[in-house]
Amino acid sequence: MGILNVTPDSFSDGGKHQELEQIVECARQMVRDGADIIDVGGESTRPGAAIVSKEEELQRVIPVIEALAREISVPISIDTYKAEVAKAAVKAGASIINDIGGGRFDPDMPRVMAESKAYVILMHNRQPDGETMTVNQGNLTKYDNIVEDVL
Numbered sequence: 001m002g003i004l005n006v007t008p009d010s011f012s013d014g015g016k017h018q019e020l021e022q023i024v025e026c027a028r029q030m031v032r033d034g035a036d037i038i039d040v041g042g043e044s045t046r047p048g049a050a051i052v053s054k055e056e057e058l059q060r061v062i063p064v065i066e067a068l069a070r071e072i073s074v075p076i077s078i079d080t081y082k083a084e085v086a087k088a089a090v091k092a093g094a095s096i097i098n099d100i101g102g103g104r105f106d107p108d109m110p111r112v113m114a115e116s117k118a119y120v121i122l123m124h125n126r127q128p129d130g131e132t133m134t135v136n137q138g139n140l141t142k143y144d145n146i147v148e149d150v151l
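Everything in the sequence shown is counted per our numbering, starting at 1 for the first residue and increasing by one.
Rather than coming from a laboratory, the hints here were simulated on the basis of the structure. Heads up, some of the hints might be wrong.
[Claimed, not checked] With beta-carbon atoms standing in for the labels, derived distance ranges:
{"hint": "1", "residue 1": "Val147", "residue 2": "Glu19", "range": "40 to 48 Å"}
{"hint": "2", "residue 1": "Pro47", "residue 2": "Ser73", "range": "31 to 39 Å"}
{"hint": "3", "residue 1": "Glu55", "residue 2": "Cys26", "range": "38 to 46 Å"}
{"hint": "4", "residue 1": "Ala69", "residue 2": "Lys142", "range": "35 to 43 Å"}
{"hint": "5", "residue 1": "Glu19", "residue 2": "Tyr143", "range": "40 to 48 Å"}
{"hint": "6", "residue 1": "Ser53", "residue 2": "Gln29", "range": "25 to 33 Å"}
{"hint": "7", "residue 1": "Ile51", "residue 2": "Tyr119", "range": "36 to 44 Å"}
{"hint": "8", "residue 1": "Glu115", "residue 2": "Gln29", "range": "32 to 40 Å"}
{"hint": "9", "residue 1": "Asn145", "residue 2": "Cys26", "range": "37 to 45 Å"}
[Unchecked claim] Pairs of lysine-lysine residues, derived as DSS-like cross-links and limited to a Cα-Cα distance of at most 25 Å, are as follows:
{"hint": "10", "residue 1": "Lys117", "residue 2": "Lys142"}
{"hint": "11", "residue 1": "Lys117", "residue 2": "Lys91"}
{"hint": "12", "residue 1": "Lys117", "residue 2": "Lys54"}
Remember, predicted model here, so these are calculated numbers, not experimental data. By construction, the Cβ of each residue, glycine as well, lies at the ideal position given by its N, Cα and C atoms.
Take the sequences, apply the hints, and build the full model.
Set out below in structure tokens:
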């Protein structure tokens, strides 16, 4: 999976991908390098990152997904926990919803996932709803029995 963050503040490549043609070329290179999925994210979820409105996230990811859907042949994934963004992304050409909230951060997300018929990636996450960018992870990373606690 090639990760394409179109955010100014991602911990891995924040600010690196801003111009649409550059973004598309980066995705093409990822595919040439062997990526069989391109994952597009429009909101940094690193600890301490600012929460982005759904409107801003839509402005960041939808033009990218539309362009990628025309230009690359591998599946496109949308990395979001917002149902409205996921729905628009699937309409724009994404075939996978990658939700770091595990379907818990937006009450409409499970319905959007089901109705979209997209493939779904759910991340295990112990954060309380809507607090995805908490700096102090504290007890959220401690497990007594990892298998039992995750399942």
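Problem set entry | Distance restraint between Lys117 and Lys142, which requires alpha-carbon spacing of 25 Å or less | Given pair Lys117, Lys142 is violated - Cα atoms ~34 Å apart, limit 25 Å.
Problem set entry | Cβ separation of Ala69 and Lys142, checked against the hinted range 35 to 43 Å | Holds, since Ala69 and Lys142 (Cβ atoms, about 41 Å apart) stay within the stated range.
Exercise. Is 25 to 33 Å right for how far apart the beta carbons of Ser53 and Gln29 are?
Worked result: holds (30 Å)
For this session: Look at the Cβ atoms of Pro47 and Ser73 and judge whether their distance stays inside 31 to 39 Å.
Result: Holds - the Cβ-Cβ distance for Pro47 and Ser73, about 35 Å, lies within 31 to 39 Å.
Problem set entry | Outcome of range test on Cβ distance (Asn145, Cys26; 37 to 45 Å) | holds (41 Å)
Problem set entry | Satisfaction of the hinted span 40 to 48 Å by the C-beta atoms belonging to Val147 and Glu19 | holds (44 Å)
For this session: Using the beta carbons of Glu55 and Cys26, state whether their distance is inside 38 to 46 Å or not.
Result: violated (24 Å)
For this session: Using the Cβ atoms, figure out if Glu19 sits within 40 to 48 Å of Tyr143.
Result: Holds, since Glu19 and Tyr143 (Cβ atoms, about 42 Å apart) stay within the stated range.
Exercise. Does Lys91 lie within 25 Å of Lys117 when you go C-alpha to C-alpha?
Worked result: OK: Lys117 and Lys91 at ~11 Å, within 25 Å.
For this session: State, for the Cβ atoms of Glu115 and Gln29, whether the hinted interval 32 to 40 Å holds or is violated.
Result: At roughly 34 Å between Cβ atoms, Gln29 and Glu115 fall inside 32 to 40 Å, so the hint holds.
Problem set entry | Hinted pair Lys117 and Lys54, Cα distance within 25 Å | holds (22 Å)
Exercise. Okay, Ile51 versus Tyr119 on CB: inside 36 to 44 Å?
Worked result: Check failed, 26 Å falls outside 36 to 44 Å.
Checked against the numbered hints above, the structure breaks hints 3, 7 and 10 and satisfies the rest.
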